[in-house]
Amino acid sequence: MMEQPVQTETWKARSLEELVRILHQIFAEDKVSVDEVQALMESYESNPEEWLQYAKFDQYRYTRNLVDSGNGKFNLMILCWGEGHGSSIHDHTDSHCFMKILQGNLKETLFEWPGKKGNGEMTKKSERVLRENQCAYINDSIGLHRVENISHTEPAVSLHLYSPPFNTCNTFDQRTGHKHKVTMTFYSQFGERTVCATGVPQENN
Amino acid sequence: PGVLGQAPPPAPEPEAALAAELSARRSAEARRLVLSPRRLSGPLPAGLSQWFPALEVLDVSGTGLTEMGTELLSLPCLHTLLAKNNRLGGPGSLPKGLGQAPLARSLRVLNFSGNRFSEMPPALLQLRGLRSLSLGGNRLHGIPPDIQELQSLEFLYLGGNFITAIPPELAKLPSLRYLVLCDNKIQSIPPQLAQLHSLRSLSLHNNLLTYLPREILNLVHLEELSLRGNPLVVRFVRDLTYNPPSLQELAGRTVKTRSVPYAPSDLPDSLVRYLSLASNCPNPKCGGVYFDSCVRQIKFVDFCGKYRLPLMHYLCSPECSSPYSSASQSSTSQSESDSEDEASVAAHRMQKVLLG
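In order, the protein sequences belong to chains A and B.
Letter by letter, the first sequence follows residues 1 to 205 in the UniProt record's numbering.
Letter by letter, the second sequence follows residues 1 to 356 in the UniProt record's numbering.
Calculated from the structure, these hints are not laboratory results.
Just so it is clear, CB atoms sit at the ideal spot from N, CA and C, and this is done for glycine as well.
Possibly wrong hints are sitting among the right ones.
[What the hints assert, rightly or not] One-sided excerpt, in silico: chain B residues whose CB lies under 10 angstroms from chain A:
#1 S74
#2 G136
#3 E223
#4 E224
#5 G229
[Stated by the list, open to error] Keeping only pairs whose Cα atoms sit at most 25 angstroms apart, straight-line, the calculated DSS-like set for lysine-lysine is:
#6 K179/A to K107/A
#7 K172/B to K124/A
#8 K181/A to K125/A
#9 K31/A to K73/A
#10 K107/A to K181/A
#11 K107/A to K185/B
Only chain A is shown next, with the shape it has when bound in the complex (with noise of 0.2 angstroms):
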């Protein structure tokens, strides 16, 4: 459970390694601080040999690639987005979500929960791009976002922490703000390409 600690630790992360080490340290106590680990994370410096076996692009969509199941905890995974690759908007199943830059760049775009009725333009919160090595935080008291290459010519790679872990989420039109589930599946799992049944609604638009 996420809550301020008394104390909070400032770590480094000298390697990936290092990090899910340290991550699995922090997870095993009963309070985590939302600021420690988007500390901890903002603190690898990314270095490409460390996670080149995890980033699995495919042509037409982003990828999502385990890295690490936290002991249940937490979801540590790698995002590979080639050019133009984009998210729906979507929400975050009432989990915490930190994402963090490690090639590229990746544009959000944050908006506010759709009305009740669900009719009509959803409503834009604001925008940036986040650069190489910085680490977003996102949940759903804060709102829903969307995620994106916006880059024709570069590829862009994330890391991602899930805690709790969940593998469904709602995904929202843009227009109308009607929302679907959908099952979110992995590319690969530890630098294991993972092979799933079609058919399943995929995250996407």
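With chain A fixed as given, assemble chain B onto it according to the hints.
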């Protein structure tokens, strides 16, 4: 597009020094050569094909190239050429004779994204073996109809240009699976695009589309479709105004819907002809017919079970709406002959359609 946080480029290397170094690194077996991020002061060094005769992959991205140079013609088995983020785009960017070079048959992947092409160079269209082409982030204003020459094309990335229209010839690419047209200035999609039966992914976000042709429904293999950032529909549902049908039309409708019997001897020829022109309202729940008074509306329709898209629909009156509609209704008074080219209709107005 543009430079986000990139380091300043290194100084250009003297051609002789680069040639000497590459010559020293020569290899009869090497299949890949990456020259990035060095800065080239001229085209591809002469002699490259002799030092690396087995070259299959060449990456000269971010080297500042203004022209590829003639050495490209001598590479016997190149299948991937990556030349993104350069200064290509001028008249001499590609060497003459490309169509006769081994490259024309061997090249599968070409990436020219992040250059300065304002039009697709004709020489490019001679690369008949090309499977993947990227011209993202250039300055293209259009797509040449001869794009259909690239019959093996599976992947076409044209995002981030200034393209205003799509030629119907683009639909003649039978293997095209991935088509990216996002971040352009496209106002309409030709209905012929529905013939791209291999299309799996279509990216149209951030354009100037107000509607899509209903033929898009035929793309049954489509799994990804992006439409955000287009001025789709919502605003001109409000612009609808409607002119009531004529007495003749109302009488004609009654005759048809009530199956009032008549014979050619009962009516003037002109009215017999008129009655034969009745069309059924496309609303499946409406049993009505219309003659020459139609409300042309843009409606959201479910598509592939995932998206609600605006399509051109003909309805017999504002009260007659499709099952999916909740929009209020009226129509403009502007008349227009029955048209096949919905695409040419101005998207911000509703048109009254006259048949026959």
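Here is how each hint holds up against the structure:
1. Interface restraint check: S74/B against chain A, minimum CB-CB distance 28 angstroms, threshold 10 angstroms, status violated.
2. Of the supplied interface hints, the one on G136/B holds, with its beta-carbon coming within about 3 angstroms of a beta-carbon of chain A, less than 10 angstroms.
3. Checking E223/B against chain A by beta carbon gives a least distance of about 7 angstroms; that is within 10 angstroms, so the hint holds.
4. The restraint placing E224/B at the interface with chain A holds, with a minimum CB-CB distance near 6 angstroms, inside the 10 angstroms limit.
5. Contact between G229/B and chain A, as hinted, is supported at the beta carbon level, the nearest pair being about 9 angstroms apart and thus within 10 angstroms.
6. Simply put, K179/A and K107/A have alpha-carbon atoms about 22 angstroms apart, close enough for the 25 angstroms limit, and the pair holds.
7. For a cut-off of 25 angstroms, the pair hint linking K172/B to K124/A is broken: about 39 angstroms separates their Cα positions.
8. Between the alpha carbons of K181/A and K125/A the distance comes to roughly 23 angstroms, so the proposed pair stays at or under 25 angstroms and holds.
9. Between K31/A and K73/A the alpha-carbon distance is near 12 angstroms, which keeps this suggested pair within the 25 angstroms criterion.
10. Between the alpha carbons of K107/A and K181/A the distance comes to roughly 23 angstroms, so the proposed pair stays at or under 25 angstroms and holds.
11. Taking the CA atoms of K107/A and K185/B, the gap is near 21 angstroms; set against the 25 angstroms cutoff, the hint holds.
Going down the numbered hints, you'll see the structure goes against 1, 7, while the others check out.
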